[in-house]
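Same order as they appear, the protein sequences are chains A and B. Using our numbering, the letters of the first sequence correspond one by one to residues 19 to 285. Using our numbering, the letters of the second sequence correspond one by one to residues 13 to 416.
Derived from the structure by calculation, the hints contain no laboratory data. Note that the Cβ used here is the ideal one computed from N, Cα and C, for glycine as well. Treat the hints with caution; some may be incorrect.
[To be verified] Partial list, derived from the structure: chain B residues whose beta carbon lies under 8 angstroms from chain A: (1) Ser38; (2) Leu101; (3) His103; (4) Arg185; (5) Arg196; (6) Val199; (7) Ala296; (8) Pro297; (9) Leu411.
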Amino acid sequence: MNRIDQRFAELKAQGRKALIPYITAGDPGPEHSVGFMHALVEAGADIIELGVPFSDPMADGPVIQKACERALSKGTRLLDLFDMVREFRRTDTTTPVVLMGYLNPVERIGYDAFADAAAEAGVDGVLTVDMPPEEAVEFGPILKARGLASIFLVAPTTSNARAATICAHGEGYLYYVSLKGVTGSASLNAEDVASHLAPLREMTELPLCVGFGIRDGASAAAVAQVADGVIVGSALVNRIADSADDPAAIAPQLKAVLGEMRQAMDA
Amino acid sequence: MTKFSDLTRLPDARGHFGPYGGRFVSETLSFALDELEKNYAAMRDDPDFQAEFDYDLAHFVGRPSPLYHAKRWSDSLGGAQIWLKREDLNHTGAHKVNNTVGQALLAKKSGKPRVIAETGAGQHGVATATVAARLGLQCEVYMGAADVERQKLNVYRMHLLGAKVIPVDSGTRTLKDAMNEALRDWVTNVDDTFYIIGTVAGPHPYPLLVRDFNSVAGREARRQSLEQIGRLPDALIACVGGGSNAMGLFYPFVEDDEVAMYGVEAGGDGVETGRHAAPLASNAPRGVLHGNRTYLMSDAAGQVSDTHSISAGLDYPGVGPEHALWKDVGRVNYVAANDQQVLEAFRELTHMEGIMPALETAHALAHAKVLAPTMRPDQHIVINLSGRGDKDIMTVAKLDGIEF
C-alpha cells in the first residue's frame with residue numbers, strides 16, 4: 019500500500035483529518051529543506067507537499083513566486099529534490115511526500131527518468147499543476163507503474179462531467195482548489211467549499227483535501243469540518259520569507275503556524 | 013495530392029499539432045477553455061459571424077491591405093523580386109488587429125464585460141485596447157516592466173484608448189512574464205473576463221483561432237499574387253516570435269508545395285552566443301509553457317531561459333505549436349537574424365522604399381537580404397510587412413546616440 023493511502027486509512031480509523039503543509043524546496047536554500055520537513059512532521063503534518071521551484075509559476079501568487087525565485091537563485095534543481103527526499107527518508111519512513119510543481123522540469127528530465135528517480139528517492143505522489151488528466155495519458159501510467167500516485171486538482175469551475183473524469187484518473191487524494199485565483203489569495207468560504215465537495219463525495223472514494231486561502235487555526239478547523247484534509251502553503255512560505263536572512267529562526271515559526279492549525283483541527 | 017496536405021487537418025480534437033500544442037493549464041481555467049472552444053466552433057461555421065468579422069476587417073481595419081512591389085530594393089539586392097504584404101497599413105499599424113477584432117467579437121458574444129491581454133512591443137496591447145474602446149469593454153493589459161520602459165509610446169497610446177497598462181516586475185520583466193500575469197488574472201476573474209491572447213500560442217483553442225483570424229492576410233496575398241505576379245510566389249518570409257503574422261501569411265499556402273517558406277526568429281547577439289530568442293532556429297528542447305507544448309528555450313533543469321532581442325515583440329522563449337510541427341516535418345525553414353542585421357534592414361527599407369518597418373518585421377527583411385540575391389530576377393518573394401516602425405523610433409534614436 020502506498021504511504022498516502024496508508025496514512026488516510028490511519029486517519030480515518032482515528033477520526034482525524036489530514037494536515038498537509040506545502041513548502042517550496044530550496045527556499046531559502048536547499049540545505050534547509052530537509053530540516054523544515056522534519057519540523058513540519060513534529061508540528062503535526064500528515065503528508066508533505068514539496069514544491070518544485072519553477073521560473074514561471076503561473077498558478078501561484080506573489081508569495082510562492084518569490085519562494086521559487088529564492089530557491090532558484092540558490093541553484094535548486096529538480097534533481098536536488100530527490101536528494102532531499104532520500105535524506106528525509108533516512109529517519110522518516112512513514113510520512114508521505116508529494117512533489118508539486120509544473121510540467122516543464124519533468125519534461126526536460128523525461129517522464130521515465132523522473133518517475134524512476136522519484137520512486138527510488140521515496141516520493142509517494144506527484145501533482146503537476148499544469149497537467150490536467152487529458153494531457154497525462156502518457157505520464158499517468160508511467161507514475162502508476164512505480165507506485166506513485168497521480169494527484170489532480172478540482173476547481174470551483176470544474177463541471178460535474180469533468181470532475182468525474184478527474185476522479186477516475188486521480189489517486190492518493192483530490193486537491194480541491196477552494197477559490198478562483200492563485201495561491202495565497204484572500205479568503206475562503208467553508209460553506210461554499212462544503213457545497214462543492216458534496217457532489218464529489220458521490221463520485222469518488224478518494225479523500226477530499228482543500229487548499230488555497232487557509233491561513234490560520236480558525237480557517238483550518240472550518241475546512242476540516244467538511245473535508246478530509248487541509249492543505250496550507252502561503253501561510254508557511256510567508257514565515258520563510260520573513261526570516262530568509264536568518265534561516266535558523268524559520269523552523270520554530272513553521273512549527274508554531276502549523277501547530278496552531280493542528281490544535282484547532284483536533285480540538 | 014500535395015506532400016503537405018495533412019497539415020490543414022490540424023489541430024486534432026484536443027488541440028494537438030503532432031506532439032505539440034494541447035491544453036496544459038491549471039484546472040480552474042479548463043471550463044473557460046471548454047466554453048471558448050464550444051463558442052468558437054459554433055461561430056466558425058456561422059455565416060453571420062463571418063459576415064460581421066469581414067465587415068469589421070473591411071471598414072474598421074481597412075482591408076484588404078496592398079501587396080506592394082518593392083522595385084528599388086529588389087534591384088539593389090540584385091535577385092528575386094520582393095513584394096511586401098502591407099499589414100503595416102492596417103488600423104493600429106500591424107497585423108495584430110486582425111486577431112483582436114475577431115476575439116473581441118467572441119468576447120462580445122460571450123457577454124463578458126472585461127478583456128485582458130499580454131503584450132510585448134505593445135502592438136497587441138494597442139490592438140486590444142482599440143477594439144475594447146470600440147465595443148465599450150473594460151480593458152487591462154499586462155506588459156513586462158522592461159518593455160514598458162522601451163515602448164513608452166505604445167504604453168501612452170493604450171492609456172489614451174482607455175486601457176489600464178499593468179507593468180509586470182516578476183521574472184525577466186518581458187513578454188513571458190506578462191503572459192504569466194495575464195493567466196493569473198484570468199484564473200482569478202474567469203467569470204467576467206475574456207483573455208485576448210495575441211499570438212498562435214497558449215492553450216487550445218487559442219492557436220487555432222488566432223491562426224484563423226490572421227489567415228486573412230495569407231488569403232489576400234495568395235489572391236493578389238495570382239493577380240499581380242500571375243502565379244504563386246517562390247518564397248514567403250515572415251518574422252516569428254510567437255508566430256502569428258507568419259502563421260497568417262503561411263497557412264493559406266501550406267499545401268502549395270512549390271512555395272518555400274522562411275520563418276525568421278530573433279537572433280539577438282547571434283544564436284551562437286546564447287543571447288537570442290530563437291527556439292526553433294537554435295533547436296531548443298521540447299517543453300511546456302503557457303498552456304502548450306512546443307520548442308522552448310530552457311536550461312538542463314527545465315527552467316525557462318532568459319531571452320534577448322532588440323525587438324520586444326519577439327522577445328519570447330517559446331513559439332506557437334503549429335510552427336514547431338512545421339519545423340519537424342520540414343514545411344518551413346526557420347532561421348534567425350541578429351540585431352545588427354535587423355537594424356541594417358530597417359534602415360535600408362526606410363531609405364530605399366520610404367517604408368519604415370517595425371523592428372520585429374525587419375527580421376523578415378534581414379533574411380530577404382540573404383535570400384533574394386541567391387534567386388533569379390524572374391523569381392518572387394512575398395514578405396509579411398507585419399508592422400510599422402513608428403513605435404521603434406526611440407529605440408533606433410538611442411542607438412544613434414540621440415535623446416529626445
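Hints, one by one, checked against the model:
no.	hint	in the structure
1	Ser38	holds (4 angstroms)
2	Leu101	violated (36 angstroms)
3	His103	violated (32 angstroms)
4	Arg185	violated (12 angstroms)
5	Arg196	holds (5 angstroms)
6	Val199	holds (6 angstroms)
7	Ala296	violated (11 angstroms)
8	Pro297	holds (6 angstroms)
9	Leu411	violated (30 angstroms)
The structure fails hints 2, 3, 4, 7 and 9 (numbered hints given earlier, in ascending order).
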